[in-house]
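So the protein sequences, as listed, match chains R and F.
Using this note's numbering, read the first sequence as starting at 1 and increasing by one per residue.
Using this note's numbering, read the second sequence as starting at 1 and increasing by one per residue.
Any given hint could be a false lead.
What follows is a list of derived Cβ distance ranges for each label pair [what the hints assert, rightly or not]:
#1 R:I38 x F:R22: 14 to 24 Å
#2 F:P12 x R:Q59: 28 to 38 Å
#3 R:T76 x F:E64: 33 to 43 Å
#4 F:R77 x R:Y10: 18 to 28 Å
#5 R:G3 x F:L51: 16 to 26 Å
#6 F:T72 x R:Q17: 23 to 33 Å
If you are wondering where the hints come from, they were derived from the structure by calculation, not from laboratory data.
All C-beta atoms in this analysis are idealised placements derived from N, C-alpha and C, irrespective of residue type, glycine included.
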Amino acid sequence: EAGVAQSPRYKIIEKRQSVAFWCNPISGHATLYWYQQILGQGPKLLIQFQNNGVVDDSQLPKDRFSAERLKGVDSTLKIQPAKLEDSAVYLCASSLYRDSSYEQYFGPGTRLTVT
Amino acid sequence: AQSVTQLDSQVPVFEEAPVELRCNYSSSVSVYLFWYVQYPNQGLQLLLKYLSGSTLVKGINGFEAEFNKSQTSFHLRKPSVHISDTAEYFCAVTPGDYGQNFVFGPGTRLSVLP
Chain R
1 EAGVAQSPRY KIIEKRQSVA FWCNPISGHA TLYWYQQILG QGPKLLIQFQ
51 NNGVVDDSQL PKDRFSAERL KGVDSTLKIQ PAKLEDSAVY LCASSLYRDS
101 SYEQYFGPGT RLTVT
Chain F
1 AQSVTQLDSQ VPVFEEAPVE LRCNYSSSVS VYLFWYVQYP NQGLQLLLKY
51 LSGSTLVKGI NGFEAEFNKS QTSFHLRKPS VHISDTAEYF CAVTPGDYGQ
101 NFVFGPGTRL SVLP
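Given the sequences, and given the hints that come with them, work out the whole structure.
Structure, rendered in C-alpha cells:
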C-alpha cells in the first residue's frame, strides 16, 4: 500500500512570495488533514477535509492560506503572501477507520523556509 | 476542547536502560489517546493507541503505555531502549466519539546514548 505522498520536500522562498504544496493521500481515505509543525512544537491542524468538503478550518489563517481538495482525492495548500513566521514543516495526513477508531497516516512533510 | 501536555522536552537515556515519556491531557469529554513517533525528516508514525478496556496497551517496537483516568495521564514506557529509538515522540488525543479532531502535544525528544 502506497503511503501519503507530498511534494516538494523542501522549499525556500522570500517573504511576500507565494508557495504551494501538494498532497496525495492513501487511496480510499476519505479524510485529509494539513498540519503546520513549527520547529520544537507538535503539529497544529490547519484544515481538515472529508472527501472534498471542509470539516474544520478554524485555525487556518485565511487572509494568506488557502486549501482545496480536488475531486476528494489530491489536495493543495497555498500561502500567499508568505511571512517569516510561516517557516515550518507542513504535514499532510489521511485517516482510516480501523480497530474502533480513526488512525492517521502521515506524509514525509514539506519543509518551508521563508527568508 | 482537548489539550495535551508533555512536560519533558528532552529525555537523554543510555542504551538498554528503561525510559518513560510523560503525557497528561485535559478534556471535558472522554478521549482516545495516541502516541506517535517521528524520525528525522519523516512524518509521524503511530506507536499505539488507547480506546477503552485494559489500561495497559502495547504497541510496536516494544513500547507500551498506561492510561490513568484519575491522573489524566498516558505515559509511554520501554524497558530497554536502542539507539534506533532516538526520535521525537508525540502524544495526541481525540474525542472518544469517533472523533477525528486530533490534538497533539509539543513532543519529547528521546536521545539514546551509547
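Tested hints:
1. R:I38 x F:R22: 14 to 24 Å: Distance hint for I38 (chain R), R22 (chain F) holds at roughly 22 Å.
2. F:P12 x R:Q59: 28 to 38 Å: 33 Å, holds
3. R:T76 x F:E64: 33 to 43 Å: 39 Å, holds
4. F:R77 x R:Y10: 18 to 28 Å: With Cβ atoms ~35 Å apart, the hint is violated.
5. R:G3 x F:L51: 16 to 26 Å: Since the Cβ atoms of G3 (chain R) and L51 (chain F) sit about 24 Å apart, the hinted range of 16 to 26 Å holds.
6. F:T72 x R:Q17: 23 to 33 Å: Since T72 (chain F) and Q17 (chain R) have Cβ atoms about 44 Å apart, the given range 23 to 33 Å is violated.
Going down the numbered hints, you'll see the structure goes against 4, 6, while the others check out.
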